[in-house]
Amino acid sequence: MFDELSLNILDIGMNSIAAGATVVQVTIIEDKKADWLIIRIRDNGRGMDDKTLRRVLTKNFSTKVTRKKPIGLGLALLRQTSEMCGGTFHIRSRPGDGTSVTASMRFSHVDRPPLGDLNTTILALSSASSPVDIQLDYHSNDGAFQFSSQEGKRHEPRRTQKTQRESAATSRAA
Amino acid sequence: MNLDELKKLKEKAQRQVALREGQKKYRVVISMGTSGIAAGAREIMKTMLDEIEKRGLDDVEVRVTGEHGLEDVEPVIRIEESGGEETTYARLDAEKARKIVSEHLEKGRKVDNLVVGKQKNP
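First to last, the sequence lines map onto chains A and B.
Okay, so the first sequence: first residue is 1031 according to my numbering, each after it adds one.
Okay, so the second sequence: first residue is 7 according to my numbering, each after it adds one.
In isolation and in its complexed conformation, chain A is listed as follows (with noise of 0.2 angstroms):
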């Protein structure tokens, strides 16, 4: 259904920030030398007990999408692409205590989607009308790279001891 890993990547994100999740952690491992792409997209949102959790999972593909929320379909959408992929899928989630995905596809598997647009895929969640912290950790043979969409924010409240020292000397001198 989605040609890119980052547009599954979006709908579950999303699903986290409808959870009234604060915080989203997508983590990616591409690690072509051992032949694995993992994904990981956590979050601290309220989430699902167990009969939940078990509906989400056994979602009927064939089913029409009727004008209800089609909550979970995209968990299974991923499910499929890992298992189609030579990987696996997991998903813990508890009542309260937020939920996280991880799926592993085999990295050179012939039908394993491309990443695709990740750029605008963390641009879109970090675009939350709820203020949410979006972080991006990825890994790669080539290196790695992290963002989180709260860094570039002025009168951030977690600011580190340097900044706060700064900012206080800039007011007395002004």
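None of these hints come from the bench; they were simulated from the model.
Cβ coordinates follow ideal geometry from the N, Cα and C atoms, glycine included.
Be a bit skeptical, because a hint or two may be false.
Below are the DSSO-like pairs computed for lysine-lysine, each with C-alpha atoms no more than 30 angstroms apart in a straight line [claimed, not checked]: (1) B:LYS13 <-> B:LYS30; (2) A:LYS1063 <-> B:LYS14; (3) B:LYS102 <-> B:LYS16; (4) B:LYS31 <-> B:LYS14; (5) B:LYS30 <-> B:LYS52; (6) A:LYS1062 <-> B:LYS16; (7) B:LYS14 <-> B:LYS102; (8) B:LYS113 <-> B:LYS102; (9) B:LYS105 <-> B:LYS116; (10) A:LYS1063 <-> B:LYS16; (11) B:LYS105 <-> B:LYS52; (12) B:LYS13 <-> A:LYS1062; (13) B:LYS14 <-> B:LYS30; (14) B:LYS30 <-> B:LYS116; (15) B:LYS18 <-> B:LYS113; (16) B:LYS18 <-> A:LYS1062; (17) B:LYS18 <-> B:LYS31; (18) A:LYS1062 <-> B:LYS14; (19) B:LYS13 <-> A:LYS1063; (20) B:LYS18 <-> B:LYS102.
Covered stretches of chain B, going by a simulated chain A footprint (3 or more residues, C-beta under 8 angstroms) [said to hold, decoys possible]: (21) 9-16; (22) 38-46; (23) 60-71.
Knowing the structure of chain A, use the given hints to seat chain B on it.
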């Protein structure tokens, strides 16, 4: 994934954050639920952000939301004006999205043939 491409993310995100400072005349809300994403809502967002930047429009902020309840006609966006007026556009593609930016967001003229959820002759 190309690391150099990924490094542009910080710069892009900072521009978006800067654009959200203060009260804006227009707020574009893009429906980014499963059906919206499947219909191409993320590409609509990218097209609109690029077009807004190209035209230097700084009185516009772009946001995403879950389903609007209009999943049959995705991709869907809603434009909220500071005066309280709301306009919903549906069945968008890149060309239509660019037109909404150049007409509605730049010149203040609605693109009537793309508007949904409202009778044209009340």
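Okay, the hints, checked on the actual structure:
1. B:LYS13 <-> B:LYS30: The hint holds at about 28 angstroms.
2. A:LYS1063 <-> B:LYS14: holds (26 angstroms)
3. B:LYS102 <-> B:LYS16: holds (28 angstroms)
4. B:LYS31 <-> B:LYS14: Since the Cα atoms of LYS31 of chain B and LYS14 of chain B sit roughly 28 angstroms apart, the hinted pair holds (cutoff 30 angstroms).
5. B:LYS30 <-> B:LYS52: At roughly 20 angstroms apart (the allowed maximum being 30 angstroms), LYS52 of chain B and LYS30 of chain B satisfy the hint.
6. A:LYS1062 <-> B:LYS16: Holds. LYS1062 of chain A to LYS16 of chain B sits at ~25 angstroms (cutoff 30 angstroms).
7. B:LYS14 <-> B:LYS102: holds (27 angstroms)
8. B:LYS113 <-> B:LYS102: This hinted pair holds, its Cα atoms lying about 15 angstroms apart.
9. B:LYS105 <-> B:LYS116: holds (10 angstroms)
10. A:LYS1063 <-> B:LYS16: holds (28 angstroms)
11. B:LYS105 <-> B:LYS52: holds (14 angstroms)
12. B:LYS13 <-> A:LYS1062: The hint holds at about 20 angstroms.
13. B:LYS14 <-> B:LYS30: holds (25 angstroms)
14. B:LYS30 <-> B:LYS116: holds (18 angstroms)
15. B:LYS18 <-> B:LYS113: holds (25 angstroms)
16. B:LYS18 <-> A:LYS1062: With Cα atoms ~28 angstroms apart, LYS18 of chain B and LYS1062 of chain A stay inside 30 angstroms; holds.
17. B:LYS18 <-> B:LYS31: Satisfied, since the Cα-Cα distance of roughly 22 angstroms is no more than 30 angstroms.
18. A:LYS1062 <-> B:LYS14: holds (23 angstroms)
19. B:LYS13 <-> A:LYS1063: holds (23 angstroms)
20. B:LYS18 <-> B:LYS102: Holds, at about 23 angstroms.
21. 9-16: holds (count 7)
22. 38-46: Since 6 is at least three, the answer is holds.
23. 60-71: Since 4 is at least three, the answer is holds.
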